[in-house]
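Asks: Residue numbers (our numbering), protein chains in the order written: chain A, 1205 to 1591; chain B, 1205 to 1591; chain C, 1205 to 1591; chain D, 1205 to 1591.
If you're looking for bench data, these hints aren't it; they were derived computationally from the structure.
You can trust all of the hints, since none of them are fake.
Intra- or inter-copy, both count: the list cannot distinguish identical chains.
Straight-line C-alpha distance at most 25 angstroms; calculated SDA-like pairs for lysine to any residue:
no., residue 1, residue 2
1, Lys1473, Ser1524
2, Lys1234, Cys1492
3, Lys1211, Glu1223
4, Lys1211, Arg1552
5, Lys1350, Val1334
6, Lys1531, Ala1355
7, Lys1587, Ala1320
8, Lys1531, Arg1357
9, Lys1234, Arg1210
10, Lys1531, Leu1469
11, Lys1211, Gly1221
12, Lys1211, Thr1225
13, Lys1473, Thr1207
14, Lys1473, Val1556
15, Lys1234, Arg1550
16, Lys1587, Ser1319
17, Lys1587, Pro1414
18, Lys1531, Ala1470
19, Lys1211, Arg1357
20, Lys1587, Pro1314
None of these values were measured; they are calculated from a predicted model.
Each chain, written out:
Number of protein chains: 4
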Amino acid sequence: MPTWERKDVVIRTMATGHELTAPAFFCHGKSPRPLAYLQANVHGGELQGNAALLALFDLLEREEPLGSLVLVPRVNPVSASQQVGDYVAGVYDFQSGQNFNRGYLYLTGPSRSSSAACYVDVDAFAVVNVNAPLAEIRDGFRSALKAALGAVRAESAEWGMDMRLEFALAVQEMAVEADVVLDLHTGDRAPRYLYAPQGIPEAVRAFGIPWVLEVSHRFAGALDEASFVPWQDLSDAFGRLGRNDVPRFVDGFTVELGSMNSFSLADGKEDARRIASALRYYGVLPGCPEPPPGPQTACAIGDYRSVMAPIGGLLDPAVSPGTAVRKGDVVARIADPSRCRSLPPRSRDAVVEVLAPDDGVVILFHAFSSIPKGARLLSMMTKTYGG
Amino acid sequence: MPTWERKDVVIRTMATGHELTAPAFFCHGKSPRPLAYLQANVHGGELQGNAALLALFDLLEREEPLGSLVLVPRVNPVSASQQVGDYVAGVYDFQSGQNFNRGYLYLTGPSRSSSAACYVDVDAFAVVNVNAPLAEIRDGFRSALKAALGAVRAESAEWGMDMRLEFALAVQEMAVEADVVLDLHTGDRAPRYLYAPQGIPEAVRAFGIPWVLEVSHRFAGALDEASFVPWQDLSDAFGRLGRNDVPRFVDGFTVELGSMNSFSLADGKEDARRIASALRYYGVLPGCPEPPPGPQTACAIGDYRSVMAPIGGLLDPAVSPGTAVRKGDVVARIADPSRCRSLPPRSRDAVVEVLAPDDGVVILFHAFSSIPKGARLLSMMTKTYGG
Amino acid sequence: MPTWERKDVVIRTMATGHELTAPAFFCHGKSPRPLAYLQANVHGGELQGNAALLALFDLLEREEPLGSLVLVPRVNPVSASQQVGDYVAGVYDFQSGQNFNRGYLYLTGPSRSSSAACYVDVDAFAVVNVNAPLAEIRDGFRSALKAALGAVRAESAEWGMDMRLEFALAVQEMAVEADVVLDLHTGDRAPRYLYAPQGIPEAVRAFGIPWVLEVSHRFAGALDEASFVPWQDLSDAFGRLGRNDVPRFVDGFTVELGSMNSFSLADGKEDARRIASALRYYGVLPGCPEPPPGPQTACAIGDYRSVMAPIGGLLDPAVSPGTAVRKGDVVARIADPSRCRSLPPRSRDAVVEVLAPDDGVVILFHAFSSIPKGARLLSMMTKTYGG
Amino acid sequence: MPTWERKDVVIRTMATGHELTAPAFFCHGKSPRPLAYLQANVHGGELQGNAALLALFDLLEREEPLGSLVLVPRVNPVSASQQVGDYVAGVYDFQSGQNFNRGYLYLTGPSRSSSAACYVDVDAFAVVNVNAPLAEIRDGFRSALKAALGAVRAESAEWGMDMRLEFALAVQEMAVEADVVLDLHTGDRAPRYLYAPQGIPEAVRAFGIPWVLEVSHRFAGALDEASFVPWQDLSDAFGRLGRNDVPRFVDGFTVELGSMNSFSLADGKEDARRIASALRYYGVLPGCPEPPPGPQTACAIGDYRSVMAPIGGLLDPAVSPGTAVRKGDVVARIADPSRCRSLPPRSRDAVVEVLAPDDGVVILFHAFSSIPKGARLLSMMTKTYGG
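Please take these sequences and the hints and turn them into a complete structure.
Replies: The following block contains the structure:
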C-alpha cells in the first residue's frame, strides 16, 4: 500500500491575515519515480478535475502505484472564491487582472527582471554535461531548475514577493519534481479535449480523449509549458552540441474535462480512468494503458482559432461542441432584440447567423449565453489530422 | 393587422453620459384592451424570456390580437451588462446591492418616505366610489395609480431621483396600464414554473406549466405583486364596505422559463405558445387556451422553502430539478476535498450528502456548482396539492 | 489589570472550506458589567475603526476598566476581501446583494419566517414581570433575548443556516450581552459623525463628535438599532401597563470615523480618546467623560437627506464635508465632457452645478469622483438644532 | 480661430447592442501639423486628465494653435463603467482581464498572429528610402503605419475582431496621425509625474513636472510606447544603413496627474498649463514653454521599483508620495489586528513596519488602505539623477 502525506500549501494571504491554502496529497508508491503531479481548478470555475482527483484517491486505494503522485485538488482557493452573485469568475485575478494560468516562471529563459541565478542557461549546462550519462543529466538539470526556483524566492526577499509569483512558486516548487504534469481544466462549453506537447502520439493515445491540440515547444505562461519546455530546451541544447540522445525527460499536459461549472462525481470516475490510463503509459501506475475508445483528431495549436462575436447579443449555438463543420456552415445564432428597427418586429431581424470561417471542428462556445461584441464566441480546430 | 410602435425607454444614464435603454414594442390590436404587458430579462442572466418575446413577434404577425400588448425584451440593460469574466451576475445591482426585482413601488401602501400623493388610499377611494359602476371603478382606480406614479416622479425633482426609482418608474409607468402583467424570468437550474396569484386556477391552467407557486396578496417588491396587489387591496377595501362585487381587475405573473444562462430560439417558440395560451384566456389573443399538457402541482409561496448549503464545496445534484422527493431522500452531494483529513484520502470523506428535510418537489438548484456554506443550495415545494 | 481572552469567531465558510474568522478580544475588567461591545469594519472599505480599536488596546493597558469590553476589529472578513482591482467594495455582499449592516435580527418583532420562539413578545414579558424589580427585569429580558437567538440557531438546523443569518448570529450572540454597543463605521467622504438614539444628550456630549444624527426607536436592520430597539420596546411595553420607571437599559451607536478607505494609526489614538470618553460616561472606564471640544449639531434621522446625481459625470465637490450651506448654494459640480455638443467645446457646457435643495450641513459626498446618474451624490442634515 | 469637429468613436458594443463611444474633439489650427493627440481616462478610475482637457478647451478659445490637436476625454467608457459599489475598478477589463493600457499594437514588430501586412518592416523600409529626403521618409512611414492598421482591420473581418483589438484600433487610428501623443493617467496615490522617452531633456523641462521616469525604446504595450517606438525603430534602421540624420519624428508621453479617483476642475487649469507648455515646445501652441517651477528628478524606468506588501493588512503610509527616502527608512506601516496573538493585545503586535529597500523617492502608494500580501504597496524611483 502506498503511504500518504498531506500538506496545506499557502497560496495567498488575505488583507485580513487569513491564509488561503491548497490541500496537497502526496502518495508515495513502490518507488519515488516516475513521479506524476496533478492539480485541478486553477481557474475557479473549472471544477470537474476535482471529481477526477477524488476518484483517483479511491483508485489508488485499489492499485498500488509503481511510482509516486502528488494530487492537488482546489489548487487555487483565490480563484475559487471569486464568486459574484451566482457564478465564479475565476480566470482572471480580481486583484491583478492576471490569467491564473499565465503567470508561471520560464526557468530556462530570462523572463523576469531577475538575476541570472533565476534561470538555467541550457547551453552552458549542456557544455558542462556534454559527456554525462543520461540519469546524471536528468538529475543535475532538475537540481538546477530547483536552484533557480530557490534563487527566485531568495531574491524576492528584498522587495517583497508579488502575489502572482507566490502562486507560481507554490505550484512550481511541487511540479518541478515531476516526470509528468497534468493540469486539469475545463473548456467554457466543451467536450473533453487535450493539450499535449507535439509529437508524442503514444501518450496521447493513452488518454483516449477524442480532441487533441498539439502544443509547440514554446513557453507562453501555462503550467504544461512551464513543465515541459525547459526540458525540451535542454534536449535542444544538447542537440546543438551534436548529442542527440538526450530526450525531453518531462511531459506536461492540460486536460480539459468538459465544461466550466459542471461537476459530477460519477463522471469523475470516468475521468480518473482516462487519467489512470495515461499514468500507466508513464509507468506511474501498473498495467497497460487502455486503447482509445474512438478516433482521435488533432491539430496544431496555431490552427486552433477563435471566432469573435460579430455583434452583441444572445447566443444560441447551432451545433454541439465537438462537431465537425464545413466552411460556411451556420455554427451559431446571435439575437439582439434591439435590432428589430423596422415594424412589425420580426425575430429574424434580431438574429445574426455566424458561419464557420473554415473547415474544422467546433470545440467550445462562450460559457454564457449573453455576449458582447468582440468576445470569444467559439474556438475551433482547423487543419485537423488523424480522426 | 395590428399597428406597432417602438420606444426606447431610458433605464439608466452612465457616468459617461451614455443612456442605457430598453426597447419597448407596442402592439395595438383590434382594441386597446385587454392590454398585456410582458417584459423579459430583469435579471441580467435570465435570458430565455427574450426568445419567447421574439417568437411572440412572429406569432403576432400571424394572429391579430383582440386586445393590445406591450413587449419589452432586454428590459434591464444595466443588469445584462454586469458581466465579469464569462458570466453575467445580474440579480443584484453592482452599484446599490439591490435585487432588481425588489425595488418596485407599492402604490397602495405608504412604502416610501414620500407624501400622501404618492400612493392611493384604497379605503378612501372605496368610500368615494362605493356606488360607482365597475367600469368607472376600474378606470378611476387606474387613473389614481397613474397619478400616484406622477406624484412620485414630480417629488423626486427636488432631491433627485435615485437609480432604483428611475428603473421602477420606467417599468411601472408602462405596466400600470395593463390588465395582465407577465414578468419573464428563469430559475437558477430549474424547469419551467410559475408564480401566480392564489386562487385563479383557470388562468394557471391556461399557462400549462407543471409547477405553480401561489402568491399571497401581499407586496414584497416584485413586479407581479406590484401589478396585482393594489387591485386586490381595492377589492378588499370595497369588501370592507360590504360591496363584494368588485373583483381584482388585474393579474400579475412571474413566469420562470427554465434555467439561468440558457437561451434557445427553438424553445422560445414553445414558450411563446404557453404564453399565447394564457393571453387567449385573458382575451388578448383570439381563441381558447390550450389544455395543460400534463398535471399541474402547486403549493403556497410560504411552503416553497430553501435548503442552505451545510458546508462549502462542489455541488453534485442527486435529482433533476422538477423531481418529487420524500423527506430523507438524498437530493444533493457536496464535495470538499479539503475534508479528507484522514489518510489515505477517500472520496467519501470529502462528500456530505444533503437530505430532503421534507416531502415535496425540488424545483431549483444553485446555478453554479461551487457553493459557499449558507448559500441557497436548492428550493423545493412542500405541502403540494393538485398534480 | 484586566484579564483578556481571544476567540476567533467563524463568520463564513468559503466554497473551498476555508473559514473566515473575526478576532474577538474579551477584556474582563473589575466587574463583568457594565459591558461594552465594540466592533469595526462591518463594511469592508470602512477601515478607521480598526485603528481606534488598536489604540484602545493600548489605552486598556494603562487604565483598568471598571466594567468589561468586547472588541472585534475586522469583524467582517468577507466584506474586507471583496477587493476588485485597487478598491474594496464592501457594503454589499457579492453573493447576496445584502448590505452587511442591514441583516441583523429584530429580536422583539416577528421579522422572519420563524416560530414565535425566535423573538420576545415584550407585552407578554411586561405582563409577567410587571411587579419585578428593575435588575430582575433587565436580567430576565436579556435571558429572553438570548433564548430567542438560541431558538433561531436551533430552528436553522433543519433547512440550513443562510450566510446572512450566520453573520447576524455571530455578531448578535456577542452584542446581546452588552449594555452599550458601538459599531465603528465611516462615511463615504465625510467628517466624524454619530448615529445616536434620540433623547440622550449627555451620552452624545461624551463622544464630543460635532455632527449627530438622532435615530428614532424603530428597527431598520442596523446593529445599533438591533441593540437598543428591543430594550426600548420593553420600556414602552411597561409604559403601556402604566409602569414608567423601566428605562431603556441598553444604548447602541454607529460611530462614523471619517472617510471610507482612510486609515491612520495616529488618528486612531484620537478616535480612541473619543470612544473612551463615551465609555467613561457609561461607567465602563473610570473617570469623567471629556467635555466636547466644540459645538454639536444634530438633526433627526428623517431629516438627514440625500441628493441624487442629476446627471452622470465627474464629481467635484464645491464644499468640504461638514460644511453648513444655504438652500441654493452650489454644493457640487458634475462634469460630463460628452455634453459639449456645441462647438467650440467649452468647459462650462460640460458642467452641471448642483444646488443645495434646503438649508443644512453637507455631511458626506459619494466616495468616488465618477458617478452615474441617480447615485447618491451627497447627504446633508436639514432642520438642524444645537450647534 | 481654430475650427472644431466632434466624432463619437465606438469603443465597444454591449451584449444589449448599446454602443459605448468616446467623444473625440478635433481642433484644426493654423496648420494641420504639428498634430498633438491627447486622451484621458483609459483606466476608468484615473479621472483628472478629463479636467485638464476641459481646461484646454477653454485655453484653445483664447490662443489659436499653430498646429492642430485631437482631444479625447473619457476615452474608455467601458472602463469608466466598471463600478462596483462605490468605486470604479478600471485598470483591468472585467471581460478579459486585460490591462486597458497594455493592448496596443506594435506596428513595427510581428506582435500578433497576423500576416506580414499587419506591421512595417523598418529595415526594408529604410533600404527602399535610404536616399529619400526627411519629409518624404516621415510621410511615407506614417502612410505605411496607417496601411498596417488598415491591414489589421481588414484581416479581422474573417474571424471577427476581438474587443481588445477594437479598442486598440479605435485609439491608434487617431493617434498614428500625431507628432506628439499625450496619454493622461494618474498614479494610485501619487504626485504628478511623467513617463518620457529617454534622452529628450528639453521636452521634459517643458512639462515642468518634478518626477520623471525615462522610458527605454522598447515596446511593452502602452500607448506612449506604441506611438514613439516604431519611429525610434525607423531611426535605428536608417542608422544601421549608416544614415544617422533620421530622427525619431514622434514622441509619446504618459502624463500622471496625481491620484486615482481625484477630480478637480481648478487643478485641471494648472494641468492644462503644464500640458500647454509642452505643446508650445512641440510647436502646436504658440509661444515658449515655461521654465520648470522647480528641480526635476529622473530615473530610468528599470530603476523604478515596487515593494510588495509583506503581510496583508491595513496600510498607513509613513511618508507622503513624492518623498525622498534613504534605505532603511520606515516608509509604511501595515496593521493586521489578527496578529495580536499574545495577550493583552498591543497595537505594536499588529503592526509591521516596511523599510525602504534602497535610497530613492517614493512615488506612489497602493490606492486602497486595505491590502493583501503580495499586492504592490508602493513604487519608488531609485538611482535618481537631476533634481
